[in-house]
Amino acid sequence: MIQLEHYLYLSGLVFTLGLCGVMMRRNVILVLMGVEIMLNAANLALIAFNKYMLPIDGIVEPKGQVFVFFTIAVAAAEVAVALVIAVALFRRLDTVNVDDVANLRW
Amino acid sequence: MPDSHVVPPEALNDFMPVLMLVGFAISFAAVNIVGSWLLGKKGTPHPIKDSPFECGMEPLQEGRRRFSVRFYVVAMLFILFDIEVVFLYPWAVVYQDLGMFGFYEMLVFLTVLFVGWWYVVKKGALDWNSRRGPLRSS
Amino acid sequence: MNPAELFDIFGTEVFLAVLALVLIVTDLLDGGGKLTGASEKTRFVTYAGLGAILVSTFFLEPYGDGQFGQLDSFAIFFKQFFVATALLVMWLAAPYEVRFPAGRGEFSMLIVFATLGMCMLASCNDFATLFVGLELVTITLFMLAAFRPGLPRSIEAGIKFVIIGAVAAGFMVYGIAFIYGATGSFDFAVVHDVIVSSEEMPGALQFGLLMLLVGLGFKLGAVPFHVWIPDVYQGAPTPVTAMLSVGSKATGVLLMMRLVYSILGEAAGQWTALLMGLAFLTLLMGNLGAIPQTDLKRFLGYSGIAHAGFLMLALATGSQDSANAILFYMSTYLFANIAAFLVIVVVSRTADNAHMDRINGLANRSPFLALVLTVSMLSLAGVPPFAGFFAKFMVLRAAVDHGGLMPVVILSLVMVVVGLYYYLCVVKRIYMREAVDSSVLEMSGWTRGLLLLCVVVMFLFGIYQSPLVDFARAGAASLF
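If you're matching them up, the sequences are chains R, Z and G in order. Every letter in the first sequence is one number past the one before it in our numbering, and letter 69, counting from 1, is 69. Every letter in the second sequence is one number past the one before it in our numbering, and letter 71, counting from 1, is 71. Every letter in the third sequence is one number past the one before it in our numbering, and letter 50, counting from 1, is 50.
It cannot be assumed that every hint is accurate.
Stated by the list, open to error - With the Cβ distance kept under 7 angstroms, some of the chain R side facing chain Z (calculated, not the full set): (1) P55; (2) F70; (3) I72.
Claimed, not checked - So these bits of chain G aren't anywhere near chain R, every CB distance computed over 10 angstroms: (4) F44; (5) A94; (6) P152; (7) L281; (8) R298; (9) H355; (10) L420; (11) C425; (12) M432.
Just so you know, the hints here were simulated from the structure itself, not pulled from any lab data. Note that the Cβ used here is the ideal one computed from N, Cα and C, for glycine as well.
The whole structure should be built from the sequences, with the hints applied where relevant.
Okay, structure coming up:
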């Protein structure tokens, strides 16, 4: 039977996968995909919590689901800006590899 | 942590066809792969043997082409305006309860979106043939 | 939330949003189709708008709790702080703006949007408002950091900022999800009630709050999350660095204060050890990292981390005195940093880097600039006649009163001495070294005026602190 725990395990797994993607990938676009996966894991957790929330006076306010709308909209804005910067990076330095972007150090 | 709802077992019956379809898809793929491995001829690889015989032309260049950056600009703008619409659905659902306040609220929201769209048009980001664009490096 | 309540609480934000939209429209009507359009009209609208909004914030009356926000004296203090910061940054940016290829209208607009997000954060009492406001600030700052796409340095700053910022946002949303799961609400007050009423904090809640701390630590520049600061500070255009170093840090401080004083409240004692550890590491990292720097902006980045360490120390203390100290500290830090960055803008006019050699022999080239930078460095170091000294003194006194923080207090005293060393190294360059190039440094009357204002403020509040202390105390009063 699927219960809250299972959703949370899944969301934890997805979050970890996203984080691994961010840390291990070297391509900016793939790093951004990792970030998106992390945000989606959080969305999954929010919705699961909302679904299994105990009702107060017989109703459960869909607060968690409404929050997910905000997360989705913000994530879209974030990714759009990140892509713009990635495109600018490609135009200027001819690379999308984050290891090549290391002129500023120490 | 809150108690979980109990999903009645008969609700699972609705998903039975889906489960069967998944099982069928997996077994079909498995049969094909295993079958070709069993029946297929195993021999020493050779460039002429491996060439696509009577399958059209030899590939002249790499199959993957680089997209023009303009696609990315349009795609980004699409994502932004597309996602903003996410707020229209819940609004539409409770529109009756919100009354005029909801109407004006959405008007404000759309005004902001409209200014954004006007900005995009004026900066020539949707102008396919123009040489100027928002991402010109300087 | 009804419209009247919305306006009572978020009036400043509404004005800022309207100002930003007006700026876009002005820019578009004024030949914004040209990418190099740098119009006087947008500049005028920005200054007039921000000035009017700053004045309006002084007429704000505390309103109390609303559905998505609150307006207490603390929120009003920070709204004034943020709008003033935005105005000073725009003022500071005036001699720099000619270098923006993408036009000045967008720059002003993005600064105004960032300020809007910051003001939203000042009066948030709900995690939804917090998240949206924080992301509004961060995303606009991503764009601003990469605002000179012709410079590889600027793009590099942007890409590093985006990636680390987005990961921090991911952590924060995940944390908020667990806080929601444990309490069933996004409201700070409800979360506070759950924390205080339960004998032991539920695991999910504790986990959520820790994840939230990651997101806030990123904004504040506290140690495990500080890695972006030096690179982004160095690479971003100088006015943007100023905005980052003051505005963005202040949002971190403000949210940490809400977290420690309002959400944790009486349970803040459970976190003292954690915050103390972070303060210890932050102080160590910032101060030691600043010593070998050769780029002024990067140097100020590390110095900013060191100051974040001091603020963390005050947060770990968790007393009312420390809250006053933090607000006083931020106010003095604002003027010292604006002065330093404005000198950098003027000095590095001809070149696109802020290498420390550029201030060699500044005393001969422009005694006025040399004086301003010296005062700024001494104030940041915490030398007596200047405001920075009293700020550090207030933090340390609050920490000593607390009693349990002795290791960090001793470390911070050592670090004040270390700080004195590296700030004086900068002063030494100004007075003792030969100038690398001795061209005349031009600046407009407005720039001169801003520099003078900063020096006067740093000096005045160094010898006569009580007005600013009272102002800070009134601001912090509503937290308790």
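Structure-based check of each hint:
1. P55: Interface hint status for P55 (chain R): violated (9 angstroms vs cutoff 7 angstroms).
2. F70: violated, 9 angstroms
3. I72: holds, 6 angstroms
4. F44: Nearest chain R Cβ is 28 angstroms from F44 (chain G), so the label holds.
5. A94: holds, 25 angstroms
6. P152: violated, 6 angstroms
7. L281: holds, 19 angstroms
8. R298: violated, 8 angstroms
9. H355: holds, 13 angstroms
10. L420: Label holds. Min Cβ-Cβ 23 angstroms, cutoff 10 angstroms.
11. C425: holds, 17 angstroms
12. M432: Since the minimum Cβ distance to chain R is about 25 angstroms, M432 (chain G) lies beyond 10 angstroms and the statement holds.
Consistency note: the structure conflicts with the earlier hints numbered 1, 2, 6, 8.
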